[in-house]
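Trainee: As a plain string of letters, each chain reads:
2 protein chains.
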Amino acid sequence: MAEASARKRGRGGGGAARRAERTAVSIETAKYIERNIPNFEILNDEALEIIETNAETILEEVGVNFVDNPAALKRWRDAGADIDGERVRIPRGLARKLCSTAPSEFTQHARNPERSVVIGGKNLVLAPVYGPPFVRDAAGGRRYATMDDFNKFVKLAYMSKWLHHSGGTVCEPTDIPVNKRHLDMLLSHMTLSDKPFMGSVTDPSRAQDSVDMCGILFGEEFVQQNTVMTSLTNINSPLTFDDVMMGSLEVYAENNQACIISPFIVGGAMAPVSVAGTLTQVLAEVMAGVAYNQLVRPGAPAIFGAFVSSIDMGSGAPTFGTPEASLVTYGAGQLARRLNLPFRSSGSFCGSKLPDAQAAYETANSLNMGLMAGVNFMLHSCGWLEGGLVADFEKFVMDADQLGVLHHLAKGVQIDENGQAMDAIREVGPGGHYLGCAHTQANFKSAFWKSNLLDYKPFETWADEGERDTYKLATNRVEFLLNNYQQPALDPAVAEALSAYVAEKKASMPDAFT
Amino acid sequence: MAEASARKRGRGGGGAARRAERTAVSIETAKYIERNIPNFEILNDEALEIIETNAETILEEVGVNFVDNPAALKRWRDAGADIDGERVRIPRGLARKLCSTAPSEFTQHARNPERSVVIGGKNLVLAPVYGPPFVRDAAGGRRYATMDDFNKFVKLAYMSKWLHHSGGTVCEPTDIPVNKRHLDMLLSHMTLSDKPFMGSVTDPSRAQDSVDMCGILFGEEFVQQNTVMTSLTNINSPLTFDDVMMGSLEVYAENNQACIISPFIVGGAMAPVSVAGTLTQVLAEVMAGVAYNQLVRPGAPAIFGAFVSSIDMGSGAPTFGTPEASLVTYGAGQLARRLNLPFRSSGSFCGSKLPDAQAAYETANSLNMGLMAGVNFMLHSCGWLEGGLVADFEKFVMDADQLGVLHHLAKGVQIDENGQAMDAIREVGPGGHYLGCAHTQANFKSAFWKSNLLDYKPFETWADEGERDTYKLATNRVEFLLNNYQQPALDPAVAEALSAYVAEKKASMPDAFT
Chain A
1 MAEASARKRG
11 RGGGGAARRA
21 ERTAVSIETA
31 KYIERNIPNF
41 EILNDEALEI
51 IETNAETILE
61 EVGVNFVDNP
71 AALKRWRDAG
81 ADIDGERVRI
91 PRGLARKLCS
101 TAPSEFTQHA
111 RNPERSVVIG
121 GKNLVLAPVY
131 GPPFVRDAAG
141 GRRYATMDDF
151 NKFVKLAYMS
161 KWLHHSGGTV
171 CEPTDIPVNK
181 RHLDMLLSHM
191 TLSDKPFMGS
201 VTDPSRAQDS
211 VDMCGILFGE
221 EFVQQNTVMT
231 SLTNINSPLT
241 FDDVMMGSLE
251 VYAENNQACI
261 ISPFIVGGAM
271 APVSVAGTLT
281 QVLAEVMAGV
291 AYNQLVRPGA
301 PAIFGAFVSS
311 IDMGSGAPTF
321 GTPEASLVTY
331 GAGQLARRLN
341 LPFRSSGSFC
351 GSKLPDAQAA
361 YETANSLNMG
371 LMAGVNFMLH
381 SCGWLEGGLV
391 ADFEKFVMDA
401 DQLGVLHHLA
411 KGVQIDENGQ
421 AMDAIREVGP
431 GGHYLGCAHT
441 QANFKSAFWK
451 SNLLDYKPFE
461 TWADEGERDT
471 YKLATNRVEF
481 LLNNYQQPAL
491 DPAVAEALSA
501 YVAEKKASMP
511 DAFT
Chain B
515 MAEASARKRG
525 RGGGGAARRA
535 ERTAVSIETA
545 KYIERNIPNF
555 EILNDEALEI
565 IETNAETILE
575 EVGVNFVDNP
585 AALKRWRDAG
595 ADIDGERVRI
605 PRGLARKLCS
615 TAPSEFTQHA
625 RNPERSVVIG
635 GKNLVLAPVY
645 GPPFVRDAAG
655 GRRYATMDDF
665 NKFVKLAYMS
675 KWLHHSGGTV
685 CEPTDIPVNK
695 RHLDMLLSHM
705 TLSDKPFMGS
715 VTDPSRAQDS
725 VDMCGILFGE
735 EFVQQNTVMT
745 SLTNINSPLT
755 FDDVMMGSLE
765 VYAENNQACI
775 ISPFIVGGAM
785 APVSVAGTLT
795 QVLAEVMAGV
805 AYNQLVRPGA
815 PAIFGAFVSS
825 IDMGSGAPTF
835 GTPEASLVTY
845 GAGQLARRLN
855 LPFRSSGSFC
865 GSKLPDAQAA
875 YETANSLNMG
885 LMAGVNFMLH
895 SCGWLEGGLV
905 ADFEKFVMDA
915 DQLGVLHHLA
925 KGVQIDENGQ
935 AMDAIREVGP
945 GGHYLGCAHT
955 QANFKSAFWK
965 SNLLDYKPFE
975 TWADEGERDT
985 YKLATNRVEF
995 LLNNYQQPAL
1005 DPAVAEALSA
1015 YVAEKKASMP
1025 DAFT
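Those protein sequence lines, which keep their order, are chains A and B.
So in the working numbering, spot 83 of the first sequence is number 83, and the numbers just go up one at a time.
So in the working numbering, spot 224 of the second sequence is number 738, and the numbers just go up one at a time.
For the record, the hints were derived by calculation from the structure and aren't laboratory data.
Take the hints with a grain of salt, since some may be wrong.
[Stated by the list, open to error] With a cut-off of at most 30 angstroms between alpha-carbon atoms, the simulated BS3-like pairs for lysine-lysine come out as follows:
| hint | chain 1 | residue 1 | chain 2 | residue 2 |
| --- | --- | --- | --- | --- |
| 1 | B | K964 | B | K925 |
| 2 | B | K545 | B | K675 |
| 3 | B | K636 | A | K411 |
| 4 | A | K472 | A | K161 |
| 5 | B | K986 | A | K457 |
| 6 | A | K122 | B | K925 |
| 7 | A | K472 | B | K986 |
| 8 | B | K925 | A | K411 |
| 9 | A | K472 | A | K445 |
[Said to hold, decoys possible] Incomplete in silico selection of chain B near chain A, CB under 10 angstroms:
| hint | residue |
| --- | --- |
| 10 | E575 |
| 11 | S719 |
| 12 | V787 |
| 13 | S965 |
Quantities reported herein were computed from a predicted structural model and do not represent experimental measurements.
Every residue gets a Cβ at the ideal spot worked out from N, C-alpha and C, and that includes glycine.
Given only the sequences and the hints, what does the whole structure look like? Please build it.
Mentor: Below you can see the structure in the form of structure tokens.
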């Protein structure tokens, strides 16, 4: 009796405790994913070798353009490339050799050391949507993004358990002048969150501002010795490297900060309409970009990027979450691993105008593919809508919830004695049930992924509660998370110094809106 | 000039032709998927051997129950098993040995030979949802299913390009007596479609009716020599085989028709809460079931089934499209291949009450997993809603469209000269674009998967057209397909004989509604 009563109290105290647990606001962040599952390898060795040989042929025969960048041409000439105007032709083997000084994995430090991430190897780091000029939510519809929206997204990313990274331009704060908004965005990432973040790439001077602000946040010496930012360097596919992107890359590389070298591919427009042809071009472009990055500073961290979408040949519209993009990404992952480089792809890709079933199918296709393709850094892992034109608040929390699925898939299968569960099978036997057995009681809390959003209730309960669809549940969750946001602590002197830097920089130049 | 003009006519005649092509109703059915991609192998050899050893231990030490089935107990005793009441303990190695006479792949014939499917090997055959007592659509909401609904689903499956199979109990026609509805369902599959279908398993006499009606449709001799039906034999997990299911299995096996032997697992309730433990039980159950099937008739076609969901440990509700179910299915695929048996899993699994984003995330997770897990027969590949309680019309066409993604993913990467596209990359060069190049023109029609449902239009066009979400587009597509349905031809004498059989059978027994 006493034992039963104690057990009842022990579990029953649990009644209130469990309710509290369910309603408490978690600002826990899961550790970045360490895969305990294999990668999906879609290309055999013969196919990989053909593509690698062809990419070298492209670099050697066709070459790449470095536009408006005499310093880059000089670096290439000194390294042994053939220069013809802005065209750089790279002798077979040279680009791959130059890439070999880039690290296969590196740590990106966060100001909260518990939030630092290791990019590369078997790891997967998840970062939110990047770049949309518009935002959308249920209350306000589709509209130009503002700094207020930006701050809300940074708060949501901070509150999202399965997001490891605060991202960069989560949306474009269009109410701030173009030449100053990077300062406000960086300040937001640095003060409203303690997760790692990305630097500005829209101008070399803004990249330098990013490095300088990190000097205030982390200390200048720390920044010179460690990587505290990733940055997104898009290649103007096909085969073109512009001076703005390369100028920013030069700043980051010189300061030992990480560059994602990403071909920007709409298949059939910026690359051949075939998967193998696209992979060939992607590899040639990334090798040229990373090689250049290593010419600037050997050993600087670089990431093999692949932004891949298809095209609707009827309308010319880009399409997302399609099988051809998946095939390219699987192959690109293999090519990246053979270069010993960390690999980046995209996550919540979709073409839908609403966070509806189309958006969810396309996004789930991309997220599953990203995990299986061995991606190390997944940009746009939540919140992307309408081909990247819109950052959507509801979709942000819907996708962020699905990122938990990736964490649990990556655990793979535990095959130890507890995983084998032979005692449970013996205990329950034919016709029994497992709910009450000792093994279930010992393991149920961690056994299954549990959504923080989706509805598993019986039909009648769900109907009584107003027949809420995923969109409505997501609206509620956005509101809940923003209402319960608590700013992480930051040394007031550092916060003040950052604000002063931003104010001074802003005062030093006139507003520019283009 | 003449050449240009001819070319223009040639392509321009295409203007009207292309429009006609876009609006024409296709009743084309794609060939079943023949994978040109590897399977995803999540377990290493050591883990597989542990699970296989443990499954044999379960069969030998714990055993399985064959309930109310003296004939089964006799068969097992004669084969060398240890019988204790209804408990059958199977000596180590015996079940696997008995399984070895089942074919690794087999043809299921359709009455239209072009629609016959090969189940096993690298193939994937897609069949619709099975079993829901309710249906839902935008116009009528959620309601009990009727025979009229059933017929509509058979028509939709017939009209769906990516569905290879007409399925079985696509929904339960609850307006027809329980003891007679199998007759109407079979007649529907046989006359409204020419795709392959499934037989009844709710009573051995209904299995026999299924065989007899196939005798009329295909000819009795053909049926005895060929497989013309699959049937779904659920195991009452854990480790229990009831007399109704086994009685139906006996009828099908004796007549050389295919049985899917499927543990019915809600993880944590009918199986251990761990992945490896669930796999152990699944393997033990399938081996016992297929072994029994082979005791009835060596060489009869059998399929290794796995119906796996998780449980929400808070509410006890089953959950679908979860990572743990995926891990089990990946592992089960490997175990099936090591038994040389075709493998079945489920497709459009979801727990949502509506065909909303939750439903789409969960379904896409399951569909992608099914392709990668090496599934050979995917039941419920479209239309499943609310944990299988509802067959949803809109979701049916939404999911059926996504099945095209699986077809295109399965193509893998073409690495021939055309796939390599080196001429295209040389032709376009740095800064160019591929839309007009020769390689794109030659390949664009087949290069990319094209949805028949999803919206890729620019925001403004989409807004002008009424801001339709996926659900609305799906409502339109259901209506379009049903309005354009054309019944496939059938020999009038056969149609008459089938109707007469159904009428006679119905007249021979009183209605039963339970």
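Trainee: Now tell me if each hint is right for this structure.
Mentor: Status of each hint after checking the structure:
no. : hint              : verdict
1   : B:K964 <-> B:K925 : 15 angstroms, holds
2   : B:K545 <-> B:K675 : 9 angstroms, holds
3   : B:K636 <-> A:K411 : 27 angstroms, holds
4   : A:K472 <-> A:K161 : 21 angstroms, holds
5   : B:K986 <-> A:K457 : 25 angstroms, holds
6   : A:K122 <-> B:K925 : 27 angstroms, holds
7   : A:K472 <-> B:K986 : 18 angstroms, holds
8   : B:K925 <-> A:K411 : 28 angstroms, holds
9   : A:K472 <-> A:K445 : 27 angstroms, holds
10  : E575              : 7 angstroms, holds
11  : S719              : 26 angstroms, violated
12  : V787              : 4 angstroms, holds
13  : S965              : 8 angstroms, holds
The structure fails to meet hint 11 from the earlier list, while all remaining hints are met.
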